[in-house]
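There are 2 protein chains.
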Amino acid sequence: MFVAINYISCKEEYKPRFESLFLTRAHAIDRMPGFIEMKVLKPQDQQSDYLIVSHWEDEQAFKSWTGSTEFREGHRRGFQDIEAAKSAGQEPPVTSSFKTYQVLTT
Amino acid sequence: MFVAINYISCKEEYKPRFESLFLTRAHAIDRMPGFIEMKVLKPQDQQSDYLIVSHWEDEQAFKSWTGSTEFREGHRRGFQDIEAAKSAGQEPPVTSSFKTYQVLTT
Numbered sequence: 042m043f044v045a046i047n048y049i050s051c052k053e054e055y056k057p058r059f060e061s062l063f064l065t066r067a068h069a070i071d072r073m074p075g076f077i078e079m080k081v082l083k084p085q086d087q088q089s090d091y092l093i094v095s096h097w098e099d100e101q102a103f104k105s106w107t108g109s110t111e112f113r114e115g116h117r118r119g120f121q122d123i124e125a126a127k128s129a130g131q132e133p134p135v136t137s138s139f140k141t142y143q144v145l146t147t
Numbered sequence: 042m043f044v045a046i047n048y049i050s051c052k053e054e055y056k057p058r059f060e061s062l063f064l065t066r067a068h069a070i071d072r073m074p075g076f077i078e079m080k081v082l083k084p085q086d087q088q089s090d091y092l093i094v095s096h097w098e099d100e101q102a103f104k105s106w107t108g109s110t111e112f113r114e115g116h117r118r119g120f121q122d123i124e125a126a127k128s129a130g131q132e133p134p135v136t137s138s139f140k141t142y143q144v145l146t147t
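So the sequences go chain by chain: D and U. Count along the first sequence from 1, then add 41; that gives the number in the numbering used here. Count along the second sequence from 1, then add 41; that gives the number in the numbering used here.
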């Protein structure tokens with residue numbers, strides 16, 4: 042099994058919006074072949090990143106998703122917020138980076 | 042559901058030993074009340090941390106584990122390796138830190 046974690050640094054004032062986007066997410070990822078599950082983890086320590094943890098049958102399934110129309114659809118509202126900040130000459134409200142993992146054992 | 046992630050930085054030369062300890066783990070944690078599951082995630086990027094991701098019914102179940110004899114039993118061989126390095130005047134082969142999370146949504 043293959044795991045991708047998106048580490049998301051979120052500005053304090055954007056956190057309610059960020060959480061609401063995930064609580065009303067499009068579930069576009071759920072339709073991808075090889076998708077197993079995802080969880081959104083909220084840190085207890087408010088300086089730490091949110092983690093979007095997704096499980097996949099293999100790496101190729103994950104890569105197919107990041108290049109898909111479902112990826113763009115699933116991130117549409119968040120990407121609009123980032124574009125709006127950019128247009129207003131502001132810093133993005135969230136920054137993110139993926140790390141990928143193999144499940145060594147359970 | 043409550044999630045704890047132990048972020049583990051492991052010296053390159055210790056990685057085979059580190060992995061073998063988890064592949065032959067004592068399963069002491071599995072006996073703890075409130076334990077749901079754990080996964081050991083190996084980063085694809087060799088500079089990144091290994092993640093030990095454990096799921097619990099609630100935070101109290103996790104805290105009970107970190108103070109338990111099962112915690113010491115489960116970490117016995119790793120703790121011995123760290124002590125041996127310390128006795129030899131060397132840096133520890135692994136360092137670790139916990140972060141804790143709520144599951145915001147799935």
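Note that these hints are calculated values from the structure, not bench results. Just so you know, these numbers come straight off a predicted model, no measurement behind them. Mixed in with the good hints there might be a few duds.
Each pair may be met inside one copy or between any two copies, as identical chains are not told apart.
[To be verified] Below, in silico cross-link-like pairs of lysine-lysine (DSS-like), each with a Cα-Cα straight-line distance of 25 Å or less:
1) K52 / K104
2) K140 / K56
3) K127 / K80
4) K104 / K140
5) K52 / K140
6) K80 / K140
Here is what the structure says about each hint:
Taking the closest pair of Cα atoms, K52 and K104 never come within 25 Å of each other, the shortest separation being 28 Å inside a single copy and 29 Å across copies. Both within a single protomer and between protomers do K140 and K56 lie at most 25 Å apart by alpha-carbon distance, with minima of 22 Å and 19 Å respectively. Taking the closest pair of Cα atoms, K127 and K80 never come within 25 Å of each other, the shortest separation being 28 Å inside a single copy and 38 Å across copies. Taking the closest pair of Cα atoms, K104 and K140 come within 25 Å of each other only inside a single copy of the chain (12 Å); across copies the shortest separation is 28 Å, beyond that limit.
Taking the shortest Cα distances, K52 and K140 sit within 25 Å of each other both inside one copy (21 Å) and across copies (19 Å). In this assembly of identical chains, the alpha carbons of K80 and K140 lie at most 25 Å apart whether taken from the same copy (15 Å) or from different copies (16 Å).
Checked against the numbered hints given earlier, this structure breaks hints 1 and 3; the rest are met.
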